[in-house]
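A.B. asks: Sequence:
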Amino acid sequence: MKNNRIVLHLPFSKYKKNVIVQIKDADKRLTLYNFLVQNQYISTADNIYIISGTKLVSKTTTLYNLITNGCTIFDVHPVLYGGGLIDMFMGIIKIGEFFLIIPNILIWFFKTILWLVQFIPWLCYTFLNPMKIAHDVVNALLTIMLALLMVPVDFFFAAAQYGAHILEFMMSGVWGWDQSNLTAIDKNSDYFKKSKDCRDKKCYLSKNNTVPFSILLGTIICPPLGVFMVYGFTGWLNILICLVLTVIFYFPGLIYAMLIVYN
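The opening residue of the sequence shown carries number 1 in UniProt numbering; numbering runs sequentially from there.
These aren't lab readings, by the way, just hints derived from the structure by calculation.
Every value quoted in this text rests on a predicted model; they were computed, and no experiment measured them.
There could be a bad hint or two in this list.
[As the list claims (entries may be wrong)] Derived DSSO-like pairs (lysine-lysine); straight-line CA-CA distance at most 27 Å:
1. Lys55 - Lys28
2. Lys24 - Lys55
3. Lys111 - Lys94
4. Lys28 - Lys17
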């Protein structure tokens with residue numbers, strides 16, 4: 001015979017899908033399945049089937065008979081093994097699980113749409129609003145400028161606080177407690193034990209029936225200050241009267257303050 005060639009379609013092959021094979025006379029006595037196994041086109045003939053045209057090639061038909069009948073093109077297909085009842089039911093269960101997920105997908109979809117409906121106007125109003133952007137920019141610039149301007153002020157107050165702390169031993173005698181070396185006898189005296197008798201007044205360490213020097217000095221420098229050192233803010237009316245008298249003329253305010261202090 002003149003035509004000793006066959007064409008093999010191997011869809012599962014990793015290399016050539018379509019192979020043209022020259023059939024030797026010695027191979028014509030083999031079946032097509034054995035020929036494919038012998039030439040290592042397939043590993044075994046148990047898991048394939050071969051179609052020529054529209055007909056299934058039998059595993060006992062030799063190459064000679066096939067070529068004689070004009071069958072030269074063959075499609076080699078792997079056998080697809082089906083599962084049992086368990087596999088079928090598992091597939092049905094998976095399909096049911098998918099249909100159970102559909103309501104959750106729809107709920108998620110509508111929630112996403114609702115979130116977008118709320119998010120887009122908020123985005124436009126908050127970030128894309130020119131008036132709000134300009135307002136935020138102006139506020140930021142003012143805040144930065146105010147912070148820069150407050151740097152020297154904060155530095156001044158910090159330095160003043162530090163200086164007042166250093167000079168506390170000099171200033172405390174004028175603004176409050178007299179400077180004195182308290183002994184153990186002073187701390188255990190009735191003056192300290194009966195502090196509740198001071199009630200809401202400022203207490204200064206001094207001899208009985210005398211005015212502390214710090215109050216006297218503060219009164220001379222600024223009469224309303226002496227009244228404040230005695231009564232605090234609770235004597236605001238006396239402080240106000242003394243302030244008015246001092247502004248009008250110094251000595252009336254001083255006399256009024258002395259009367260209040262020595263009262």
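A.B. asks: With reference to the structure, classify each hint as holding or not holding.
C.D. replies: The hints, checked one at a time:
no., hint, verdict
1, Lys55 - Lys28, "holds (20 Å)"
2, Lys24 - Lys55, "holds (24 Å)"
3, Lys111 - Lys94, "holds (26 Å)"
4, Lys28 - Lys17, "holds (23 Å)"
Hint compliance for this structure: every hint is met.
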